[in-house]
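For the sequence shown, the residue numbers in our numbering are 5 to 53.
Simulated from the structure, these hints should not be mistaken for laboratory data. Virtual Cβ for every residue (Gly too), placed ideally from N, Cα, C. Check the hints yourself; a few may be wrong.
To be verified - Cβ-Cβ distance ranges computed for the label pairs, FRET-style:
id, residue 1, residue 2, range
1, H50, W28, 26 to 34 Å
2, C24, H50, 31 to 39 Å
3, R51, K31, 27 to 35 Å
4, E19, H50, 43 to 51 Å
5, V47, D16, 26 to 34 Å
6, I20, I40, 39 to 47 Å
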Amino acid sequence: MHIALHESDLPDYWEIGRVCTCRWGSKVVLVFVTYIAFSATGVVSHRFL
């Protein structure tokens, strides 16, 4: 079963991806930075306490 991908469909997917990136990108970065910060804090406290 072959699904043809027309050029007219591509901008729609691109727009959805761009909107999702704008909407969720900052939250993902925030969670990632927070995770790194907690990991670093855990390593430091484990090493010095």
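Here is how each hint holds up against the structure:
no.: 1; hint: H50 / W28: 26 to 34 Å; verdict: holds (32 Å)
no.: 2; hint: C24 / H50: 31 to 39 Å; verdict: holds (37 Å)
no.: 3; hint: R51 / K31: 27 to 35 Å; verdict: holds (30 Å)
no.: 4; hint: E19 / H50: 43 to 51 Å; verdict: holds (46 Å)
no.: 5; hint: V47 / D16: 26 to 34 Å; verdict: violated (45 Å)
no.: 6; hint: I20 / I40: 39 to 47 Å; verdict: violated (29 Å)
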